[in-house]
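Peer 1: Below, each chain spelled out in residue letters.
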Amino acid sequence: MVKKALQSILMPLIAIFISMIVGGIVILITAKQNPIYAYIALFSGAYGNLMNFATTLTNAIPLIITGLGVAIAFSSGLFNIGAEGQFWIGAIVATYLGYQIKGLPWYLHIPFIIVCAMIAGALWGGLVPGLAKVYTGAHEVITTMMMSYIAIYFSHYLLEGGPMMDKGTIPQSPLIQDSAKLSILVPNTQLSSGLFIAILAVVVVYILMYKTTIGYELRAVGFNMKAARYAGINVARKLVLAMGLSGAFAGLAGAVQIMGVQHRLYDSFTSGYGYTAIVVALLANNNPIGVVIAALFLAGLSTGAQEMQMQTNISGQLADVVVGLIIFFIAIEELYRVIMEKIKTRKSKLEPVGGQE
Amino acid sequence: MNILSIFTNPYLWASTIAMAVPLALPAIGGTFSERAGVVNISMEGIMLISAFVSVAFSAYFHNAWLGLLAGVISGILVAYVFAWAAAKMYANQIVLGMAFNIFASGITAYLFNAIYGPEGTPFDTPKLPDVKIPVIDKIPIIGQILSGQNVMVYIMFVLIILSQWFLFKTTVGLRLRAVGENPEAAETAGIDVVKMKYLGVILGGAFSALGGAYLSIGVLNSFSPEMSSGRGYIALAAMIFGKWTPVGSFLASLLFGFATALSYTLQESSISKNIIMMLPYVVTILALIGIGGKSVAPAADGIPYRPKK
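Heads up: the sequence lines are chains A and B, in that order.
Quick note: the first sequence uses my numbering, first residue 1, plus one each step.
Quick note: the second sequence uses my numbering, first residue 1001, plus one each step.
Since the hints were derived computationally from the structure, they do not count as laboratory data.
Every residue gets a Cβ at the ideal spot worked out from N, C-alpha and C, and that includes glycine.
Each hint should be verified, as a subset may be incorrect.
[Claimed, not checked] Partner residues aside, some chain A positions facing chain B, computed with beta carbon under 7 Å:
#1 30
#2 136
#3 156
#4 203
#5 207
#6 278
#7 318
#8 320
#9 321
#10 335
#11 336
#12 339
[To be verified] With a Cα cut of at most 20 Å, we get these calculated EDC-like pairs of lysine to aspartate or glutamate:
#13 B/1273 / A/267
#14 B/1088 / A/160
#15 A/102 / A/178
#16 A/344 / A/334
#17 B/1308 / B/1192
#18 B/1088 / B/1187
#19 B/1195 / B/1181
#20 A/344 / A/333
#21 A/102 / A/166
#22 B/1273 / A/166
#23 B/1169 / B/1181
#24 A/226 / B/1301
#25 B/1308 / A/341
#26 A/181 / A/166
#27 B/1308 / B/1187
#28 B/1088 / B/1301
#29 B/1273 / A/160
#30 B/1088 / A/178
#31 A/32 / A/307
#32 B/1088 / A/333
#33 B/1195 / A/334
#34 B/1195 / B/1184
#35 B/1243 / B/1301
#36 B/1308 / A/178
#37 B/1088 / B/1226
#38 B/1308 / B/1181
#39 B/1088 / B/1184
#40 B/1088 / B/1181
This is chain A alone, in the form it adopts within the complex:
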């Protein structure tokens, strides 16, 4: 048991380590700078002082919540790679309700937005891709991806001269009401009480997945769909539920991002949180606690990358390169097994039975 837990931590660590080395080589070749200085700039930019750490935490919030959603889908054997779109749908709903509804106290306004954004995310992520998967066999990888692009173009439509555009020429929505804003935890940063929502979400998902029948059934479907069906679990319904839950959390993340950080919807093309959340879930091996650690690491990577860009002039997109490499080196876990076996056989060759003496 302990050995297994160690292995599940060791694997991502090895993958991260190798990826940093490869990233360092890229820095060395393309920027002709010392990668160690670059990485020091990156890590101090991510965790070096309270302000930087608060920024990392701010970036970790949407990753934690979306990552939980993706992990639910993964645990159930589904690849929800369209969390980005579900995130946007949540953000759109939160923004609209945030500025349209006036006069509500915050303790009603915020929960109302949260519920609506979660429902919207669930419908976007669950209904179409989930039902399509169950009834027609359409692979969720493609449907969720397509739904993502539709969501993003939909937000463009709403903002570029559309119904949600604010007065003026900039494609952005009006600001949400004060009653819809989450309070700021650390002055002069964007770290909001969304952090507590993220922590609550972790607890809820942990209990849901590991302490309830539904969670058990979802994981059973993910573990072996045929066996689950044989055991009398309604697999089709569980698949739709898993996609719906997955979308609900991505939608929640979008809402928290609007209420806690952005306070309005911009016409920026993509948040990227939905994609990084996939990496979060993979690194975490779908474990809710692991999601927090992985999100803190990846948020640090993107926060630190900006700092690194300012200090060393190395483009922050290097973070994506490292992230891609990390997943790659996790995916080829077989390689480590092969290497370990080779080492073992060599050892046994070196030490003949009975020993030397």
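Please build the complex by placing chain B on the supplied structure of chain A, with the hints as guidance.
Peer 2: Only chain B this time, still in chain A's reference frame:
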């Protein structure tokens, strides 16, 4: 704008074909890959890498053909790594595809910034030539649609026919398909399963790379980050819609190409361009949920296979 005049405009049909190219090529590539039992969603990333490499070489050597060659080689190299991880390391192919796509979008954006900076690719980067077809060029309407297209359009037509022939009329094609249907039986019959998977994935990489090069040095002579914008995924849908055949993939790509071409044509109308831009993605979902008949994937598609030996 008169709705009918949109559809009688030969430009719409010419651009339908032009828009189908960066979908049909990766879709056919995906067909090779999945016939050999490997699901490769990294076609999106391979397109992006090839698009960048093509532009960089085209600009540096001032020769678009060298750019194309370099792009295809880059696609083959990336696909080789994918094939190794999928066929030899039995990696989860979807996870692998995600890794490649994130890596591709990062490395191309990174190198784009590192090499070209905010100015972007040089204005005088050569692009692949447009070609006038002698006789057809003179025919009204047909000439406007089929002649004067980019050279990649005609390369695509040749490749469609070659691919269909290769996959269904040659021994190697038969072996490739056998591996995707039943690797155990194929192995028993003496087929090198791993080799066939390599072949399928690498062909897939080469075709996707052609599609990527077309985006950067065929349609345009420049690169921008994320310029593949989901075409690799749409191509997968086209491949499914086309029932895992090269000709079918092409016909399905025409449908998506039409949706894209229409979205560009209608931009001049009063409908918001963003609503119309959703069209290809909506069409993809409709196609996937079986409008146009059910299609069945190769039986062993996406399942890692461990050789018995």
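Peer 1: With 7 Å as the cut and Cβ atoms as the points, is residue 339 of chain A at the interface with chain B?
Peer 2: Result: violated, 11 Å to nearest chain B Cβ.
Peer 1: Tell me if the interface restraint on residue 320 of chain A is satisfied: Cβ within less than 7 Å of some Cβ in chain B.
Peer 2: Holds. Min distance 3 Å.
Peer 1: Run the distance test for residue 1195 of chain B versus residue 1181 of chain B: straight-line Cα separation, threshold 20 Å.
Peer 2: 15 Å, holds
Peer 1: Is residue 102 of chain A close enough to residue 166 of chain A, meaning Cα to Cα at most 20 Å?
Peer 2: 17 Å, holds
Peer 1: Compare the distance between the alpha carbons of residue 1308 of chain B and residue 1181 of chain B with 20 Å, and conclude whether the hinted pair is satisfied.
Peer 2: 17 Å, holds
Peer 1: Under the criterion that the straight-line Cα-Cα distance not exceed 20 Å, is the pair residue 32 of chain A, residue 307 of chain A satisfied?
Peer 2: Judged against 20 Å, a Cα distance of about 18 Å means the pair holds.
Peer 1: Does the structure keep residue 1088 of chain B and residue 333 of chain A at a Cα separation of 20 Å or less?
Peer 2: Measuring from Cα to Cα gives roughly 11 Å; hence the hint holds.
Peer 1: Any CB of chain B closer than 7 Å to the CB of residue 207 of chain A?
Peer 2: 27 Å, violated
Peer 1: Using the nearest Cβ pair, does residue 203 of chain A come within less than 7 Å of chain B?
Peer 2: 27 Å, violated
Peer 1: Would the pair residue 1088 of chain B and residue 1184 of chain B pass a check requiring their Cα atoms to be no farther apart than 20 Å?
Peer 2: Holds, at roughly 16 Å.
Peer 1: Is the straight-line distance between the alpha-carbon of residue 1088 of chain B and that of residue 1226 of chain B 20 Å or less?
Peer 2: 30 Å, violated
Peer 1: Does residue 1243 of chain B pair with residue 1301 of chain B here, judged by a C-alpha cut-off of 20 Å?
Peer 2: Measuring from Cα to Cα gives roughly 13 Å; hence the hint holds.
When each numbered hint is compared with the structure, violations occur for hints 4, 5, 11, 12, 14, 30, 36 and 37.
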